[in-house]
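Colleague: Protein chains in written order, with the numbering used here: chain A, 108 to 549; chain B, 158 to 681.
Hints are not guaranteed to be accurate.
Said to hold, decoys possible - With a cut-off of at most 27 Å between alpha-carbon atoms, the simulated BS3-like pairs for lysine-lysine come out as follows:
no.: 1; chain 1: A; residue 1: K545; chain 2: B; residue 2: K473
no.: 2; chain 1: B; residue 1: K423; chain 2: A; residue 2: K366
no.: 3; chain 1: A; residue 1: K491; chain 2: A; residue 2: K423
Claimed, not checked - Not everything, but these chain A residues come out facing chain B in the computed CB check (under 10 Å):
no.: 4; residue: E112
no.: 5; residue: T227
no.: 6; residue: R284
no.: 7; residue: Q325
no.: 8; residue: L326
Derived by calculation from the structure, the hints in this document are not laboratory data.
C-beta: ideal position from N, C-alpha, C; glycine also.
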Amino acid sequence: MLLDEREARAITSKLLGYVKADDAAVSVSGEEYAHLRFAANAITTSGRREDATASVTVWIEGKRGSATTNTLDDAGLRAAVEQAETLARVSPVDREYVPTLGPQKYKPTIQYAEATRRITPAARARTVGEIIAMCERAGVVGAGFHQASVRAGGSATKNGNFYFDRETGVSLSVTARTKDGTGSGYFQRGHFDAAQFDPLRIARESIAKATGSRSPRQLDPGVYTVILEAQAVGDLFSLGFDARSAEEGRSSFSAPGGKTRLGERVFDERVRIYSDPWHPQLPASAAAQGGIPAEKLFLVREGKLENLVYSRFWAKQRNREPTPGPVNLILESAGAVQTLEEMISTTERGLLVSHFWYIRPVDPRTALFTGLTRDGVWLVEGGKVQYPVNNFRFNQSVIQMLAPGNLLGIGRPERIGPGNSASLIPPLKVKEFNFTSKSEAV
Amino acid sequence: MSSTRREFLQTAGAAFAGSLALPRWAYAGTPAPPAADVDRDALAGAALTAARRAGASYADIRINRYRFESISTRERQVQSVSRTESFGFGVRVLWRGTWGFAASRVTTPAEVRRVTAEAVAIARANAAHQRKRVTLAPVERAVAKWRSQFERDPFDVPLDDKIQFLMRLNEAALAVKGVSFVNSSLAFVNEQKFFASTEGSRIEQYLIRSYPSFSVTAVDRDSGDFQARTSLMGPQGRGYEFVTGRPWVEEAERAGQEAVMKLRAKPVAPGEYDLVLDPTHLFLTIHESVGHSTELDRALGWEADYAGTSFLTPDKTGKFRFGSKIVNFVADRTQPGGLATTAYDDDGVPAQQWHLIKDGVFVDWQTTRDLAPLVGRKTSYGCSHADSWESVPFPRMPNVSLEPAREDNKFEDVVADVRDGILIAGRGSYSIDQQRYNFQFGGQTFYEIRNGKVGAMLRDVAYQSRTPDFWQACDMLGGQSTYDLSGTFNDGKGQPSQSNAVSHGCPVARFRRVNVLNTAARGR
Numbered sequence: 108m109l110l111d112e113r114e115a116r117a118i119t120s121k122l123l124g125y126v127k128a129d130d131a132a133v134s135v136s137g138e139e140y141a142h143l144r145f146a147a148n149a150i151t152t153s154g155r156r157e158d159a160t161a162s163v164t165v166w167i168e169g170k171r172g173s174a175t176t177n178t179l180d181d182a183g184l185r186a187a188v189e190q191a192e193t194l195a196r197v198s199p200v201d202r203e204y205v206p207t208l209g210p211q212k213y214k215p216t217i218q219y220a221e222a223t224r225r226i227t228p229a230a231r232a233r234t235v236g237e238i239i240a241m242c243e244r245a246g247v248v249g250a251g252f253h254q255a256s257v258r259a260g261g262s263a264t265k266n267g268n269f270y271f272d273r274e275t276g277v278s279l280s281v282t283a284r285t286k287d288g289t290g291s292g293y294f295q296r297g298h299f300d301a302a303q304f305d306p307l308r309i310a311r312e313s314i315a316k317a318t319g320s321r322s323p324r325q326l327d328p329g330v331y332t333v334i335l336e337a338q339a340v341g342d343l344f345s346l347g348f349d350a351r352s353a354e355e356g357r358s359s360f361s362a363p364g365g366k367t368r369l370g371e372r373v374f375d376e377r378v379r380i381y382s383d384p385w386h387p388q389l390p391a392s393a394a395a396q397g398g399i400p401a402e403k404l405f406l407v408r409e410g411k412l413e414n415l416v417y418s419r420f421w422a423k424q425r426n427r428e429p430t431p432g433p434v435n436l437i438l439e440s441a442g443a444v445q446t447l448e449e450m451i452s453t454t455e456r457g458l459l460v461s462h463f464w465y466i467r468p469v470d471p472r473t474a475l476f477t478g479l480t481r482d483g484v485w486l487v488e489g490g491k492v493q494y495p496v497n498n499f500r501f502n503q504s505v506i507q508m509l510a511p512g513n514l515l516g517i518g519r520p521e522r523i524g525p526g527n528s529a530s531l532i533p534p535l536k537v538k539e540f541n542f543t544s545k546s547e548a549v
Numbered sequence: 158m159s160s161t162r163r164e165f166l167q168t169a170g171a172a173f174a175g176s177l178a179l180p181r182w183a184y185a186g187t188p189a190p191p192a193a194d195v196d197r198d199a200l201a202g203a204a205l206t207a208a209r210r211a212g213a214s215y216a217d218i219r220i221n222r223y224r225f226e227s228i229s230t231r232e233r234q235v236q237s238v239s240r241t242e243s244f245g246f247g248v249r250v251l252w253r254g255t256w257g258f259a260a261s262r263v264t265t266p267a268e269v270r271r272v273t274a275e276a277v278a279i280a281r282a283n284a285a286h287q288r289k290r291v292t293l294a295p296v297e298r299a300v301a302k303w304r305s306q307f308e309r310d311p312f313d314v315p316l317d318d319k320i321q322f323l324m325r326l327n328e329a330a331l332a333v334k335g336v337s338f339v340n341s342s343l344a345f346v347n348e349q350k351f352f353a354s355t356e357g358s359r360i361e362q363y364l365i366r367s368y369p370s371f372s373v374t375a376v377d378r379d380s381g382d383f384q385a386r387t388s389l390m391g392p393q394g395r396g397y398e399f400v401t402g403r404p405w406v407e408e409a410e411r412a413g414q415e416a417v418m419k420l421r422a423k424p425v426a427p428g429e430y431d432l433v434l435d436p437t438h439l440f441l442t443i444h445e446s447v448g449h450s451t452e453l454d455r456a457l458g459w460e461a462d463y464a465g466t467s468f469l470t471p472d473k474t475g476k477f478r479f480g481s482k483i484v485n486f487v488a489d490r491t492q493p494g495g496l497a498t499t500a501y502d503d504d505g506v507p508a509q510q511w512h513l514i515k516d517g518v519f520v521d522w523q524t525t526r527d528l529a530p531l532v533g534r535k536t537s538y539g540c541s542h543a544d545s546w547e548s549v550p551f552p553r554m555p556n557v558s559l560e561p562a563r564e565d566n567k568f569e570d571v572v573a574d575v576r577d578g579i580l581i582a583g584r585g586s587y588s589i590d591q592q593r594y595n596f597q598f599g600g601q602t603f604y605e606i607r608n609g610k611v612g613a614m615l616r617d618v619a620y621q622s623r624t625p626d627f628w629q630a631c632d633m634l635g636g637q638s639t640y641d642l643s644g645t646f647n648d649g650k651g652q653p654s655q656s657n658a659v660s661h662g663c664p665v666a667r668f669r670r671v672n673v674l675n676t677a678a679r680g681r
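Starting from the given sequences, assemble the full structure and let the hints guide the process.
Modeller: This is the structure:
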């Protein structure tokens, strides 16, 4: 069930009409989602689903209650409101209550494309059939996942705000493995607009990585210079910018003496991390936390930690404005941009990494993560890719990876991640990266 | 993994409008709302008749209602109470050896017929490009009603009782000098499942799962250091008696003490140690290295694009030495309190118990109806599961447990012969490669063992090993008295990703000479 703006406004108005509480935030959202999986060069599972939910949060004398239902007739909506109000009456006072917003103005973003919504089961099956044929012709074993979704929804407050948005997304990942089991390649891309999406390129890249990583030679773990493809950077990049955690002393951006690292040059001076809902390649919601109109927001500018993110509650505690974002993630160079080829040609000895896997936090103080390489690692020597090598486990701090003196190069950002939850991430060249053991997995 | 952006946005707090839930059933003790009282048999009849007429060789329909409750607190305040209900149906058809699936929240006969036609249309579109036809292992027709083992339905317990329980936990932790923060939560799940198939099965099941948890943090603001200690006990497939019947409050106080101790604990010296692993820790190592490596869909490449494959392959069945002779792993969908315990899977196959590893040798797989024939098995072990009415059933892990020693070995017996070792408890950082060889695990608490005695606390400990090497290094197991059941509420697998709850029982166990690293040294 896909809602248009008029329908979303009608349902949220109906919900607010049932509300007797002092304050309320309501929303309704509908989604259509379809997928097709294939593996071992054959189609495995495939399906489509439709769902819609309405949510209500109310406050009565500062006490909060919430309810969600997927029954959207009048009785279902009324029941959800009654449940929220009943729960609010028996709950303790919500000490983090901040009144809902009044009317706001939003600068529209476009994250919806008809071409994505119009993908039919037959068209999707043809695409996957062609990819399976490509794998067969290349003598590799293919597995992959095609998904497409469309979502639309509206949010409203008792104080008069209303926001509607709709978004589409399509993505495909392909893993190709050589029949002898010694080579593997992975490639994934997505877009909100199916017209700007090239599924056969994804298959070509994956097959090339599989055949190019066959029969890896053995190499010991240790500290290496690495060239990380954009996918690998996207896999690994994870930092928490929450102001409250940092001020409470339990974040990698906390500093001794109860301070934070705000204003400090934590990263190489070329590192720029920001959110921009109007970026043409990465459009995102025009509404940030609590419905605040989103703004372009720099978290890190020229290596300096410029902003931490204040929730509406924490901002009030600190007597400052809440942060209007982030709503997406863009990592890019504030200076020169290197191509992957330039990164390789300037490397005396290092490793080219295409993909990371099973990344988990190990030490939150230093943003240290562990994980493994997957689907292709190559030794670079004398400015050239020489041969594939075995996979490794790493234990690496993301902050240390991007630190001044350790970051050697930044490439052009690419859209990494599924259709409507992607980031713009560049390839990186890093001077020292900690590999702690070998993995014989392929 | 692809969740990076989502984690980033969650951390930054970007969501607009709350999505917490509280439908009609939230009134304690009141019956389910009329919306759930649809005529399931009539809907099933409509779907299965339509599927047969469209030429499907097999079809099933699941009409399911899910209830979730979550209460989260920090220090002396409740942060959220979330109650969510989801109700709908999914139809699966097999048309000329190709699966098709469609699902909707609208439970009317007309919508069931439309969705069934959609599932057939998807199967037909895909069949034109299919290379291998699916064959199903036979199953006996089943007509059954079943309820999981619990004493008190948590959805009937007043909210105030739950909030008071969490506040007692928080107070116990905050009473410890040096504790800065505590977060705690209760999560409950109720699944009301209906399954009917063209083979005449009709199965109703009612399942409950309960999960109390907490995390205590101590911050040394002068040095900028902080340490957390989370709860050791995991969730179980039990009712509210799991909340009231275990010493959660005492453990919260202990957690506070250990969080503070961690700030001053001795950094571990990297090297090889004997490890003595508590069931609250070992369950996760079992999950990752044994549970996932024995999934047949992985071994056949069906999960190659995401979760990965397995170092185990069909030709290794009955031959491969997985562990030492004392190592026996049982897959069990009947285990009392198990999170994956059920009466029938989502293929309509009855729950079973079987050995995966016997006397250290890999002997069998986890299977579903479409997997079993691929390795010459006549029937399925019943591992099919979907996490929602709107999700496609596929192979998911049963409870996989390590059998205790036949002798009544106590904890002291297991530690007695350790000259230079580490005792690890609780779930920490965990990571394993895509074929389940190389792994690294942290924990919640680490204590040194010297000459058979447990000594001072250590910090920054993680161990790395290789699955067959690790289980072959296992040289002593505790007896039944050291056995406990832990597990995970949200094991992710599949595309689109689905969540599965699964338990792992084990005794305390000893492993010789395992590689230990100091994680703090790696962060600098």
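Colleague: Are the hints correct? Go through all of them and say.
Modeller: Now for the hints, and whether the structure bears them out:
1. A:K545 - B:K473: Holds, at about 23 Å.
2. B:K423 - A:K366: With a Cα-Cα distance of about 26 Å, the restraint between K423 of chain B and K366 of chain A holds, given a limit of 27 Å.
3. A:K491 - A:K423: With a Cα-Cα distance of about 55 Å, the restraint between K491 of chain A and K423 of chain A is violated, given a limit of 27 Å.
4. E112: It is violated, given that the least Cβ distance between E112 of chain A and chain B is near 16 Å, above 10 Å.
5. T227: 8 Å, holds
6. R284: 6 Å, holds
7. Q325: 14 Å, violated
8. L326: With Cβ-Cβ at 15 Å, over 10 Å, it is violated.
In summary, the structure is inconsistent with hints 3, 4, 7, 8 from the numbered list given earlier, while agreeing with the others.
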